[in-house]
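Trainee: So the sequence lines, in the order shown, correspond to chains U and L. Sequential numbering of the first sequence, starting at 62, is according to our numbering. Sequential numbering of the second sequence, starting at 215, is according to our numbering.
By construction, these hints were calculated from the structure, which means they are not laboratory data. Among these hints, one or two may not hold up.
[Said to hold, decoys possible] Residues on chain L that point at chain U, a partial pick, calculated with CB under 10 Å:
| no. | residue |
| --- | --- |
| 1 | T261 |
| 2 | T272 |
| 3 | F285 |
| 4 | L288 |
| 5 | V295 |
| 6 | A297 |
| 7 | F304 |
| 8 | R315 |
| 9 | Y317 |
| 10 | A318 |
| 11 | A320 |
| 12 | G322 |
| 13 | V323 |
| 14 | A357 |
| 15 | T360 |
| 16 | G364 |
[What the hints assert, rightly or not] Derived DSS-like pairs (lysine-lysine); straight-line CA-CA distance at most 30 Å:
| no. | chain 1 | residue 1 | chain 2 | residue 2 |
| --- | --- | --- | --- | --- |
| 17 | U | K160 | U | K348 |
| 18 | L | K307 | U | K348 |
| 19 | U | K348 | L | K344 |
| 20 | U | K102 | U | K305 |
| 21 | U | K348 | L | K353 |
| 22 | L | K307 | L | K344 |
| 23 | U | K67 | L | K353 |
| 24 | L | K353 | L | K307 |
| 25 | U | K67 | U | K160 |
| 26 | L | K344 | U | K67 |
| 27 | L | K353 | U | K160 |
| 28 | L | K344 | U | K160 |
| 29 | U | K67 | L | K307 |
| 30 | U | K160 | L | K307 |
| 31 | U | K67 | U | K348 |
All values reported here derive from a predicted model rather than from experimental measurement. Beta carbons: idealized from backbone N, C-alpha and C, even for Gly.
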Amino acid sequence: MGGLLKAEFRKTTTTGLWWGLMIPTVLLAAGWAAGTGAIGKGIMDTVTGADFQQLTQLLGIEPSQWKVSLFGIARSINIATIFPMIFGGLAISNEINRKTITTTFLTAPNRVSALTAKMLVYVLWGAIYGLIIVLAVSLGTAITSDGNQLPDATGWLALAGVGVLSSILMTIFGVGVGALMGSVVGTTVVLLLYMLIIENGLQVVLASQNLPEVIGFLPNGSVNGLTGSVATNLFLQSAGSVPKSLEDGLRAIAGALGASDWWLSGLIFLVWTVVFFLGGWAITQRKDIT
Amino acid sequence: MHDGTGRIVVQNLTKQFGQVTAVQNLSFTVEPGTVTGFLGPNGAGKTTTLRMLLGLVTPTAGTSLINGRPFNQLGNPARVVGAVLEAQGFHPKRTARNHLRVYAAAIGVPDQRADQVLQLVGLGGAADRKAGGFSLGMKQRLALATALLGDPQVLVLDEPSNGLDPEGIAWLRTFLQSFARGGRTVLISSHLLAEVEQTVDQVVIVSRGQAMYYGPLEQLRRSQQSRVLVQPSDGNALVAALQAQGVTAIEQTPDGRLAVTGAEAKRVADIALQAGVSIYGIQEEQVDLERLFFQLTNGQYTAAGPNPFAAAAFQGPQGSGYYAPPQGYQQPGHQQQGYQQQGYQQQGYQQQQPPPGYDPYQAQQPPQGYQQPGQGGGFGGNG
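Pulled out of the complex, with its shape left as it was, chain U reads as follows (with noise of 0.2 Å):
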């Protein structure tokens, strides 16, 4: 098995796909926590500013101790794991199209070990994306939020964590949708449309119908609850007194409307990782190789 690894890592390592899509996986990380900081400070400078001072403490609430940062860190995590999911979505589908796929099972003792090799390196990847897109966002969030709407050091791990699990979540997730297709453009075009477009139009529908909570079980939905139920959590426990009617704004806030805690949320989508996963795996064990 340790072969087979050193193999499928160096199957990755040895094209450059794994950097063309690590720029901008940086880029759009560290961007768009750029702008949701600085929306984010605008937000709280007008909110703190003197005209909003009667309102606040009317509601008696306490603004300034809100570290709305938060939410554009779970926010700009969810956006950028977009990468290392296509990035699994190529790992056997990429195989597939250049006919690899061939050499890669004359190599190994069989199917089940190749195929249980190149998840654990995509786990591996996935991992590795996750820390650099947790590094971009952060760097991106440091440079436009003030200093008080920042995290704590428990906060950041928390969300550095969840963070890195989505992340090898949804290369696996990738990796599965990828076997499921066999083909590079279908995989791309059906993980871009769904998680980008597909859902989030569902989402509204949803929404709109007043059942928020099925987002929660969608698979987008889902892994968003990760992080945004952390992000959400996080900013409640510091942010004193905040009415029970806006936890529900606060979570949308988030992009994980409608989701659950965030381990439940987890468990949700790796049943869809798994789901997907096994699919493809399945398919992959069985298909004739012509």
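Assemble the complex: chain U is given as a structure, and chain L must be docked to it using the hints.
Mentor: Quick look at chain L alone, frame taken from chain U:
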């Protein structure tokens, strides 16, 4: 894990892709120390058979074993069998050396092995070039290098000459022969007999997914005994005399001569002299191996069913055989439809009738000439 013999055994292998039967009940054995040619027209099921042997395609029925084991039970298969397959790909952006290092890691051989095999196949200078820029011939060499990474005991090559220049083909021939001479096994497929004729010792000839011949090439060649073409004054008398002497493989050629197989020219002349038949001309002729290969495989694209020529032959002067393959080289139970002779094989007068519809060779086919005697009568009967 495996018995280490280097023997390949294919038993009753069948593969159906939907309605299409690609391989049908195919059996053969490849012995170590030989180069075995796996021959048949395009679409005969060669590639599918090799891919089943290598565990890439799941057979519908039957088994294929290397060293007594199915491919996926070989342990580290690339140490036992290396394969050069037609649709084997390379990532266009990966260099030749990196490609080999990926699979060297998978097989568990040291990285230096990548450079060794590159030198071996003559790609040493192209190690750092990306495979996407390789010519077809270079890709074939890189595929062979990949197959050799694990220093395997068995080599399986699917149409390896495709894209190779004449020099490359000559090199490959020498390489494979020396590989086999070291006691290892080589199975090489081709749709051209001529391409591998000088390389192989054994042949498996397939057509429409079925084995038509399996055995030493030498035996096939010997079965292609030279014919004696003789122009007698009285054909029937000579045929009767020959048959009386036990020479029964006699045919009529288009130009009215008799083609006698299984006897030397001298003996035919002696028999003719004894029978009082004058001989106006006599000539020995070596029949082309390629033609036999063609005859064995030409059923591929004809419709199944009774041979219309065969039916016509009963009615009189139309049918004319050209070459009768000697008995025993066609495996029992593997007779093809569309190629079968119905009640047409007469005592001592086997005929192989070409099916219709293969124009390129039509020119070689004799026009009707020999008067076919009545059914069951035999040649001598009319004399």
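Trainee: Now tell me if each hint is right for this structure.
Mentor: Outcome of the hint check:
1. T261: holds, 8 Å
2. T272: holds, 6 Å
3. F285: holds, 9 Å
4. L288: holds, 8 Å
5. V295: With Cβ-Cβ at 8 Å, under 10 Å, it holds.
6. A297: holds, 6 Å
7. F304: Where the cut-off is 10 Å and the nearest Cβ of chain U is about 7 Å from F304/L, the hint holds.
8. R315: Because about 6 Å separates R315/L from the closest Cβ in chain U, which is inside the 10 Å limit, the hint holds.
9. Y317: Nearest chain U Cβ about 5 Å off; hint holds.
10. A318: Where the cut-off is 10 Å and the nearest Cβ of chain U is about 8 Å from A318/L, the hint holds.
11. A320: Holds, because the Cβ-Cβ distance from A320/L to chain U comes to roughly 4 Å (cut-off 10 Å).
12. G322: holds, 4 Å
13. V323: For V323/L, the interface hint holds, since the closest Cβ of chain U sits about 9 Å away, which is under 10 Å.
14. A357: holds, 8 Å
15. T360: Hint on T360/L: holds, closest Cβ of chain U at ~6 Å, below 10 Å.
16. G364: OK, holds: G364/L within 10 Å of chain U, min 8 Å.
17. K160/U - K348/U: holds, 13 Å
18. K307/L - K348/U: holds, 26 Å
19. K348/U - K344/L: holds, 29 Å
20. K102/U - K305/U: holds, 23 Å
21. K348/U - K353/L: holds, 25 Å
22. K307/L - K344/L: holds, 5 Å
23. K67/U - K353/L: holds, 24 Å
24. K353/L - K307/L: holds, 13 Å
25. K67/U - K160/U: Distance of about 20 Å is within 30 Å: holds.
26. K344/L - K67/U: holds, 21 Å
27. K353/L - K160/U: Between K353/L and K160/U the Cα gap is close to 13 Å, so the pair holds against 30 Å.
28. K344/L - K160/U: holds, 16 Å
29. K67/U - K307/L: holds, 19 Å
30. K160/U - K307/L: holds, 14 Å
31. K67/U - K348/U: holds, 24 Å
The structure is consistent with each of the numbered hints, conforming to all of them.
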